[in-house]
Amino acid sequence: MFNKTKLQNGVHLYIRKTEQFKTVNVTIKWKAPLDQKKASERTVLANVMEDSTKQYPTLSSMRKALDELYGTVLFTDVSKRSSQHMVSLYTECVNDEFFAGEDIFKQLWQLIRSVVFDPNVTDKAFDPDVTEREKRNVRDRIRSIYDDKTRFAQKRMLEIMRPNHPASISAYGTETAVSEITSESLYATYEDMMNNDLIDIYVVGDIDENDIIEQIKQFLPFAARDAAKQNELLDVKVSGSVNTVREKQDMKQGKLHLGFHTPVSFHHPDYHKMQITNGVFGGFAHSKLFMNVREKESMAYYANSAFASHYGIVYVTAGIDADLEEKAVKLILEQLTALQNGESTEVELSQTVALLENSILSANDSARSQIEIFDQYKELDENFTAERLIEKWESVTLEDIKEMANTIQLEIVYLLSGKEDVSE
Amino acid sequence: MKEVNFDQLQEKIYTETLDNGLKVVILPKRGFSKTFVTFTTKYGSIDRTFKPHGKDELITVPDGIAHFLEHKMFEKEDGDVFQKFSLNGASANAYTTFGRTAYLFSATNKLKENTKILLDFVQQPYFTKQTVDKEKGIIAQEITMYDDQPDWRLYFGTIENLYENHPVKIDIAGTVVSIQDITAEHLYTCYETFYHPSNMLLFIVGAVKPEEMMAFVKKDQAKKSFDKPEVIERQFPSESNEVDVPARTLTMDVSKPKLNIGMKCTKVDLQGQEMLETELSANLVLDSLFGRTSAFYEKANAEGLVDESFSYEFSLEEGYGFAMVGSDTDEPERLEKLIRHTIKDAKLNWPVQEEDLDRMRRKKIGQFMRSLNSIEFIANQYTRYEFNDMNLFDVVPTLEKLSMDKLKEAFATFSDDNSYTIFKVMPPKQ
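As they're listed, the protein sequences go chains Y and W. According to the working numbering, the stretch in the first sequence is residues 1 to 424, in order. According to the working numbering, the stretch in the second sequence is residues 1 to 430, in order.
Among the hints, a few may not be true.
[To be verified] Stretches of chain Y that chain W covers, calculated by requiring three or more beta carbons in the stretch to come under 8 Å of a beta carbon on chain W:
| no. | segment |
| --- | --- |
| 1 | 84-97 |
| 2 | 132-145 |
| 3 | 238-251 |
[Stated by the list, open to error] Pairs of lysine to aspartate or glutamate residues, derived as EDC-like cross-links and limited to a Cα-Cα distance of at most 20 Å, are as follows:
| no. | chain 1 | residue 1 | chain 2 | residue 2 |
| --- | --- | --- | --- | --- |
| 4 | W | Lys136 | Y | Asp323 |
| 5 | W | Lys299 | Y | Glu50 |
| 6 | Y | Lys64 | W | Asp358 |
| 7 | Y | Lys248 | W | Asp253 |
| 8 | W | Lys136 | Y | Glu297 |
| 9 | W | Lys110 | Y | Glu394 |
| 10 | W | Lys256 | Y | Glu132 |
| 11 | Y | Lys252 | W | Glu142 |
| 12 | W | Lys110 | Y | Glu357 |
| 13 | W | Lys112 | Y | Glu357 |
| 14 | W | Lys299 | Y | Glu132 |
| 15 | W | Lys134 | Y | Glu297 |
| 16 | W | Lys401 | W | Asp358 |
| 17 | Y | Lys252 | W | Asp171 |
| 18 | Y | Lys252 | W | Asp151 |
| 19 | Y | Lys64 | W | Glu354 |
| 20 | Y | Lys296 | W | Asp78 |
| 21 | W | Lys134 | Y | Asp323 |
| 22 | W | Lys12 | Y | Glu19 |
| 23 | Y | Lys64 | W | Glu308 |
| 24 | Y | Lys64 | W | Glu400 |
| 25 | W | Lys299 | Y | Asp127 |
| 26 | Y | Lys296 | W | Asp80 |
| 27 | Y | Lys296 | W | Glu77 |
| 28 | W | Lys12 | Y | Glu97 |
| 29 | W | Lys256 | Y | Asp148 |
| 30 | W | Lys209 | Y | Glu19 |
| 31 | Y | Lys378 | Y | Glu391 |
| 32 | W | Lys110 | Y | Glu391 |
| 33 | W | Lys299 | Y | Asp129 |
| 34 | W | Lys129 | Y | Glu297 |
| 35 | Y | Lys54 | W | Glu298 |
| 36 | Y | Lys64 | W | Glu355 |
[Stated by the list, open to error] From the derived model, a few chain W residues whose C-beta atoms are all more than 12 Å from chain Y:
| no. | residue |
| --- | --- |
| 37 | Glu3 |
| 38 | Lys51 |
| 39 | Ser198 |
| 40 | Gln221 |
These are calculated hints, taken from the structure and not from any lab test. Owing to the predicted nature of the structure, the values given are computational and were not obtained by experimental measurement. Where a beta carbon is used, it is the ideal one built from N, C-alpha and C, also for glycine.
Could you put together the complete structure from these sequences and hints?
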């Protein structure tokens with residue numbers, strides 16, 4: 001899979017040589033503890049870095065330089081995993097072999113260098129206009145979740161279920177925290193990120209590994225940093241009672257979200273068993289939820305479950321007619337009860353294993369997913385391969401599913417639905 | 001079996017048209033784990049008035065029927081097709097557009113078994129009153145879900161404004177009311193008319209051995225019997241170049257107003273190479289007028305008239321076409337003015353210089369090469385191109401020879417003064 005090179009303390013390079021793609025991918029990830037204020041700063045910072053550098057101070061000059069390099073892609077994004085916040089810089093360019101006489105890749109390194117080490121900063125402050133503009137963009141992005149009722153309902157459910165917990169803290173931060181950012185505070189965040197974050201660099205493509213290592217040393221001279229283990233998530237104490245919350249907006253379809261706790265999370269030895277259990281419950285079109293809530297009762301277009309493994313949460317989402325809430329909740333819980341009673345079949349189990357296998361092997365066909373999946377699983381196993389995970393899935397039994405299902409405990413039923421006075 | 005090499009792209013495709021008229025295209029991809037297979041019929045939501053197979057009279061069917069049929073193909077007498085795919089580790093799906101219905105799966109093993117399931121389930125219809133009625137609840141929820149999505153309403157509202165008669169203005173899924181009229185007999189009529197192999201294309205891309213796979217498909221098709229192919233007769237109402245409704249506003253519970261400008265394309269009788277040149281040119285024009293490097297974007301972004309939702313697109317098919325530019329914005333009036341001004345100004349002072357054209361050409365070529373990493377992109381786009389008598393692998397050579405005149409010509413097809421419409425989604429007044 002990936003070959004690892006330690007560049008400095010806390011700075012690692014992962015290279016994968018493959019002839020599969022027409023492009024070369026370079027991704028840099030900065031990882032730091034997750035908190036709301038910092039998340040806001042880092043999100044605005046990621047936007048600002050993507051837009052301009054000292055060499056290319058305007059968005060237009062920056063984008064023109066990328067267009068000249070045969071539409072080279074360069075963008076940033078933020079995300080979270082467990083109690084970690086990540087800023088990622090994604091770049092991708094067409095392999096030089098397709099264009100005789102070009103040196104696109106070399107120029108890409110220069111661009112990355114310019115974005116990372118030479119941002120548009122004067123007197124320890126980012127450009128105030130750019131800062132204000134990107135504050136506005138990030139604030140609008142946070143606010144626009146309101147327009148997507150499924151995402152909004154999920155966000156509300158998590159906020160109520162896990163207040164002030166990484167599970168419900170947005171990787172984008174909050175509108176209030178964004179508004180407090182200044183071009184000076186943004187620079188302080190930049191320095192902090194450059195000096196203290198754990199850094200992982202990924203390169204995937206038809207490249208020469210030794211060349212890459214040399215080029216990175218030359219263009220991306222990150223200094224050593226303290227690679228001490230970052231803070232871990234504390235166990236959540238779950239009360240036995242179920243919280244029922246109904247909220248209203250002007251809308252037609254009811255968004256039903258159920259949150260369940262499980263002590264089995266990503267680092268738990270039974271993690272792979274819970275992946276299978278979730279698949280049998282509601283991960284696929286053969287799963288119990290799809291077959292019973294959608295196909296048998298025609299109540300929903302979608303009725304799925306998902307396993308947020310880093311937070312020990314299983315959740316179910318379904319779009320239903322709000323009048324049918326009670327019936328839908330009953331039907332969903334019946335599917336879980338069936339699993340808890342051991343009412344799953346060998347067919348359901350092998351279908352789930354086959355589709356999970358398919359999805360992890362398919363992920364191999366995109367450089368981005370190769371990077372994302374490895375970046376996650378290397379926390380469990382530095383020598384992670386899809387084959388090892390598949391072996392574990394194949395060893396899961398019906399008894400395991402029963403056992404896993406019995407750790408799943410309903411915490412919240414959340415329904416977002418239309419106001420009664422809505423007239424169409 | 002025909003082999004065609006695309007040396008510049010380092011790709012090779014294998015094609016054959018079988019005796020029953022089915023076109024099969026195979027593209028092996030070096031180093032890939034999965035194979036992606038699409039089985040597509042040239043039949044979509046706009047095909048609502050047509051002569052049924054073997055009949056002489058035109059009929060008009062209820063709205064949303066192509067999409068309804070897509071749903072119903074998965075249910076058979078012995079159960080749900082998803083179950084069979086799942087057992088073989090294949091992830092299956094389907095989608096319906098204005099002009100196509102595609103059935104697909106992706107799998108990392110058992111390619112032949114899965115291809116067999118795909119061919120069989122699409123070529124063996126099974127509809128009953130009971131299963132058709134049952135589906136109405138599911139599709140009603142799907143329609144209701146889209147009703148709550150402001151971006152979808154914005155997009156569709158704009159198309160509704162643009163067209164007076166053409167069925168492209170009808171929602172692909174129909175309405176909760178229109179789908180109630182759909183019967184099993186309707187589904188059989190549409191199926192028999194549009195699902196003949198001669199109206200379909202099978203595309204196989206990824207970890208596949210072309211000779212072996214072609215032989216497998218050929219053998220499978222030879223065993224099945226089909227009627228003689230007939231030319232499918234569709235009818236579309238006449239449509240003027242003017243927009244139907246110049247402006248409309250919808251109130252929804254959104255965080256910020258949404259504005260979309262639609263421009264109706266006035267040249268919609270193109271196919272083949274001419275269509276390819278026009279759509280690539282129109283895309284380059286929109287890039288230069290509204291892209292991240294344009295004067296428009298610099299101004300709109302600096303003044304806060306647009307945000308990250310800003311987008312533009314050009315869409316062209318036989319019979320209809322449009323350009324759209326839109327964004328969430330706190331100042332829809334000012335943004336509208338700036339977009340209109342940008343178009344108007346381009347007519348007087350052509351803004352694209354030779355160096356811009358070169359740069360954008362490079363960008364598009366790189367983008368295209370990058371998208372060839374995605375086997376989903378290749379299969380879906382190849383089929384769309386083929387149905388319009390174009391070839392996906394002509395994109396790069398065509399881009400290389402596009403001239404400034406061609407860009408001006410393409411711009412003229414959607415910049416007519418009578419071809420604009422505005423659609424807004426506004427939050428309720430407090």
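(message) Need the status of pair lysine 252 (chain Y), aspartate 151 (chain W): alpha-carbon distance at most 20 Å?
(response) Distance ~15 Å between lysine 252 (chain Y) and aspartate 151 (chain W) Cα, so the pair holds.
(request) Assess, step by step, whether the Cα of lysine 299 (chain W) is no farther than 20 Å from the Cα of glutamate 132 (chain Y), and give holds or violated. (result) holds, 15 Å
(request) Sort out whether glutamate 297 (chain Y) lies within 20 Å of lysine 134 (chain W), counting only the CA atoms. (result) holds, 8 Å
(message) Next pair to validate is lysine 256 (chain W) with glutamate 132 (chain Y); report whether the Cα-Cα distance is within 20 Å.
(response) holds, 19 Å
(message) Holds or violated: lysine 299 (chain W) and aspartate 127 (chain Y), Cα atoms, limit 20 Å.
(response) Given pair lysine 299 (chain W), aspartate 127 (chain Y) holds - Cα atoms ~17 Å apart, limit 20 Å.
(request) Just double-check glutamine 221 (chain W) for me: nearest Cβ-Cβ distance to chain Y has to come out over 12 Å. (result) Answer for glutamine 221 (chain W): holds, closest chain Y Cβ roughly 26 Å.
(message) Check whether the Cα positions of lysine 64 (chain Y) and glutamate 308 (chain W) lie no farther apart than 20 Å.
(response) Between lysine 64 (chain Y) and glutamate 308 (chain W) the Cα gap is close to 19 Å, so the pair holds against 20 Å.
(request) Compare the distance between the alpha carbons of lysine 299 (chain W) and aspartate 129 (chain Y) with 20 Å, and conclude whether the hinted pair is satisfied. (result) holds, 13 Å
(message) Would the hint linking lysine 209 (chain W) and glutamate 19 (chain Y) be met if the CA-CA limit is 20 Å?
(response) Cα-Cα ~18 Å, so holds.
(request) Please work out if lysine 248 (chain Y) and aspartate 253 (chain W) have their alpha carbons no farther apart than 20 Å. (result) holds, 11 Å
(request) Quick one: work out the minimum CB distance from glutamate 3 (chain W) to chain Y and report holds if it exceeds 12 Å, violated otherwise. (result) Given that every Cβ of chain Y is farther than 12 Å from that of glutamate 3 (chain W), nearest at about 20 Å, it holds.
(request) Run the C-beta distances from serine 198 (chain W) to all of chain Y and say if the shortest one exceeds 12 Å. (result) holds, 30 Å
Violated hints: none; the structure is consistent with every hint.
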